[in-house]
Structures are given as structure tokens and as C-alpha cells.
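Each residue of the sequence shown is one higher than the one before, starting from 1 at the first, in our numbering.
The following label-pair restraints were derived from C-beta to C-beta distances:
1. A258 to S49: 42 to 48 Å
2. N200 to V29: 38 to 44 Å
3. S176 to V40: 39 to 45 Å
4. V310 to S16: 38 to 44 Å
5. V192 to I257: 17 to 23 Å
6. I306 to E283: 34 to 40 Å
Simulated from the structure, these hints should not be mistaken for lab results.
Each residue gets a CB set at the ideal place from its N, CA and C atoms; glycine is no exception.
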Amino acid sequence: MSVMGSDPALVRPMHSWWKQAGLTLGFMVFWLTAINLIFVTFGDSRNPSAAAVPPLVGLSIMAWPCAKIMVEKYDFLWPATMLGLLGPICFGFAVAFSTPELRALPPDRSIAVVAGVAAIGMLAYLFRFTLAGLVSPVTTFAIVSVFLSIRGLSPDAFYQVEGLSPRGLLAALIDSPWAAAGAGGMALFAIVLARWLERNANAFGVESARPLHLIGGGVLALVAGRFAHTLPEPFDMLGLIGLFALAIVWALRIERIAVMMTCHIALVPPILLAIFHARPPPEQVIALAAVIVGLGLVIWGRYRKISVKVGWTRQPRHIRRNWPERVIWPYRPGPGE
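Let the sequences and hints guide you as you build the complete structure.
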């Protein structure tokens, strides 16, 4: 019996997951230990020395051929993804230590340089070795660089951060309408691209669609929630309720429950402000977040069968298994059956 809805070309096999896990941990320990030794020998991140640049560049260069071997010879994606993180981070530190002017930067600006350079390097690994696991880190490091360049490490800036994620960091950067419009436009583009990839692309595109859906959905919900909160009462709450429902409807369409949860978490702050007209204590934030996300999960579980039956939910091309006892997709014979 065929695996329904799956195209073998869209599912890259997982070769020896235990070997991949071991190599991933091994690379991480080796590179982090080497970076620490370099900092101890040639100065740390607070008091960098130009002498640290050559060994850091050497570490970053070593990561590329190692990743090439992992992908092209063994088809091991996990360790290659780890190398795609560590190599660019090493090069980011090397750039930050390379000139007296860069070494004299305050910590927040120095970290911004490291994060920005690392994001560019990760992008090279992402497309050269088709490592979909780097989509989210590339976005996160790029936003960290922008965030630190604009806001720095001030307590007020961190007070507005809603978690170490693209959506959480952007929450502290969209005060102006232009910034919100730019972030919302990019998020909408990410959603459209993700939908196109999962319907038309190869395995790399299908794998990349998931983080694009999560990032785009979370950021778009953040921007839309902020806009809804600016509406006069009671239209602000009605708008937020509409966005809550829209997240469920769209997540059912694309069959991604994680996108629904990400959107609902992004809507928690504006809903809290609409109810309390001020930032409530942390325990109330956690309680309301649990209620909002839990209600979404209940609605998802209640109406998913109906959504599948009426044809609103489209079967993903990358589905690996069909679970008849949990309903999901009706059996369709494969070729020759």
C-alpha cells in the first residue's frame, strides 16, 4: 500500500539518525571548545584581540568542506546544518575582531556585527547545501542584528521583546507605521512563498515551507493584532476575535497546527491590552495565553474532520503516513494498485 499523498521526491530519507545526532553533537562540542580556547588565548568577546582573527577564520573555513562531505557523501543533514550555524558564527566573530574600529564597538553593536555576518554566511550554506533547517536561524540572526543596531541592549527595548524568535524580536521594532507595514509585507510574502513551495517545489522547497509558514504567520498576526488594537472600542476586540478565527481557518487550509498556535500566541499581547488597558502581571499573561492557545486547539480538534470532508483542508504533498483510525485522508490507491 502506498503512502498516501506523499511523493518520494518530496521526502528526503533520514539516514542513520543516531549517527547524525552523534556527529551533530560532536561538531558542536568541538567548535564551541575551539572558540572558547581562542577567546581564552587571544582575549575574550569583551576584550578581543586581533590575534584571534586567523584561528577564527580557520575554524569558519573548516566548516565548509565538512558540511560538503556530510551532505554530498553521506546525505547527513543534521550535522551539516550544525556546521552551517557554527562556521558563519566563527566568521562573524572574526569580522567583529578584525579592525580597531570594530573591536572598539560597544557590546550590543559588536553582537549586531556578529549576527549580521553570521546570517549572510548561513544563507550561503542554506542554498548551497539545501539545508532547510537554516531558514529560521538566518531570519532570527538577521533580525537580532537589526534589533541590536536600532535598540541596543537597553532594558526598555528588552521589555518589549516577546521571545527570542523573529516574531518576538520584531514586536519591539514595529512602533512606527512604516516599520509595521514593512514587516507585514515581508511576512505576507513569506506566507505566499511558503504556500507556493509546498504545492510546487522539490524536497528542499517543501521542507523550507514549514519555517516560512511559522515566521510569516507569526509576524503577520503580530502586525495585524497591533493594528486591530488601535481600533476604537468595541471594534478592537471584534477585530482580534476575527484574527483569532482567521488563524484557525488558514491553519486548517494548509494543515499546519503549529502555525495556528504561533498566530494565537502573537495575538495574546493585544488581547490583553484590549481587556485590561494596561500590561497585566506575568501570571495573567501566562493564564490568558494558555486559554487562547488551548481554545484554538479544542476548535482545531473539533472541526478538522469537517474541514477535511468538505475539502477546505488540502492534503499536503509531503504527508508521510495515513492514520485511518485518526481520520485524516481517505485512501486513494497508488499507481498499479
